[in-house]
Amino acid sequence: NAGVMQNPRHLVRRRGQEARLRCSPMKGHSHVYWYRQLPEEGLKFMVYLQKENIIDESGMPKERFSAEFPKEGPSILRIQQVVRGDSAAYFCASSPSFGTGGLNTEAFFGQGTRLTVV
Amino acid sequence: DAKTTQPNSMESNEEEPVHLPCNHSTISGTDYIHWYRQLPSQGPEYVIHGLTSNVNNRMASLAIAEDRKSSTLILHRATLRDAAVYYCILRDGNFGNEKLTFGTGTRLTIIP
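Quick mapping for you: the protein sequence lines, in order, are chains A and B. Numbering-wise, the first sequence is residues 2 to 119 according to the working numbering. Numbering-wise, the second sequence is residues 184 to 295 according to the working numbering.
Excised from the complex, chain A in its bound form (with noise of 0.2 Å):
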């Protein structure tokens, strides 16, 4: 069983294109989480999806950014109009779905795309 996959693992863009960073979760995983890293710095939440549905995009930047999971495919997230600021490296996490009553498991996390904008 493969682990979380993201790619690329590096990317450079200029300023003002589009980055779009993909995480293919684990097989039997549903809930997909994305998390930025700063240098030097924490990571931080940025939005929690399921297939077809975000459930939590309290982390996630106003504009220019936006997340998908589509019944098919990988989850992207997607920048538009990168600026310097967004230089960091993204990571993704995946869990398979528990039910109600709070059986709980852990995430497994990808090993990151890191975009630099230059």
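Just so you know, the hints here were simulated from the structure itself, not pulled from any lab data. Positions of the beta carbon are idealized from the N, C-alpha and C atoms, including for glycine. Watch out, some of these pointers could steer you wrong.
Simulated crosslink set (SDA-like; lysine to any residue; CA at most 20 Å straight-line) [claimed, not checked]: (1) A:K52 to B:N280; (2) A:K45 to B:K186; (3) A:K72 to B:G279; (4) A:K28 to B:K186; (5) A:K45 to B:Q225; (6) A:K45 to B:T188; (7) B:K186 to A:D57; (8) B:K186 to A:S59.
To spell it out: a stretch of chain A is covered by chain B in this simulated footprint if at least three of its residues, at any positions, have a beta carbon under 8 Å from a beta carbon of chain B; those stretches are [as the list claims (entries may be wrong)]: (9) 32-44; (10) 48-59; (11) 90-97; (12) 108-114.
On the provided structure of chain A, position chain B as indicated by the hints.
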């Protein structure tokens, strides 16, 4: 989100046990205690989690206080590869609230 408090940094000698403390005095009944670690230039890695009882796995042990207001991650025999930032996180077990909220963690240095 419920908060945790950890020391900023700790040091330990190689091949000795390490006890990483975490305080979570505002923990609620549906919060699970999770520990993750992040090695340099890598994504976070799950270590262990528990609810009320102490837990053991191949990586570590988790000791949870009886009142659940604190916990301790125990690495039984530290190696150089255990040098990382360790995060203690409370994860709500209710659907929709399960995101992991990372604090600043404890940076563990292993001395050869």
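* Asked: Would the pair K45 (chain A) and K186 (chain B) pass a check requiring their Cα atoms to be no farther apart than 20 Å?
  -> Holds. K45 (chain A) to K186 (chain B) sits at ~14 Å (cutoff 20 Å).
* Assess, step by step, whether the Cα of K186 (chain B) is no farther than 20 Å from the Cα of D57 (chain A), and give holds or violated. => 19 Å, holds
* Asked: Straight-line Cα separation of K72 (chain A) and G279 (chain B) no greater than 20 Å?
  -> The given pair, whose Cα atoms are some 19 Å apart, holds under the 20 Å limit.
* Given the proposed pairing of K45 (chain A) with Q225 (chain B), does the C-alpha separation stay at or below 20 Å? -> 15 Å, holds
* Mind checking the alpha carbons of K45 (chain A) and T188 (chain B) for me, to see if they're no more than 20 Å apart? => The hint holds at about 17 Å.
* Asked: the segment 108-114 of chain A covered by chain B? Criterion: 3 or more residues, Cβ-Cβ distance below 8 Å.
  -> Answer holds; 6 residues pass the 8 Å Cβ test.
* Asked: According to a criterion of three or more residues whose C-beta lies within less than 8 Å of a C-beta of chain B, is the segment 90-97 of chain A covered?
  -> Holds, because 3 residues of the segment 90-97 of chain A bring their Cβ atoms closer than 8 Å to Cβ atoms of chain B.
* **Coverage claim, chain B over the segment 48-59 of chain A, checked by counting residues with Cβ within 8 Å (three needed)** => holds (count 3)
* Keeping to a limit of 20 Å between CA atoms, is the pair of K28 (chain A) and K186 (chain B) held or broken? -> 31 Å, violated
* **Coverage assertion for the segment 32-44 of chain A with respect to chain B, Cβ distance below 8 Å, three residues required** => holds (count 5)
* **Holds or violated: K186 (chain B) to S59 (chain A), with C-alpha atoms at most 20 Å apart** => 17 Å, holds
* Pair hint outcome, K52 (chain A) versus N280 (chain B) [Cα-Cα no greater than 20 Å] -> Judged against 20 Å, a Cα distance of about 16 Å means the pair holds.
Consistency with the previously given hints fails for number 4 only.
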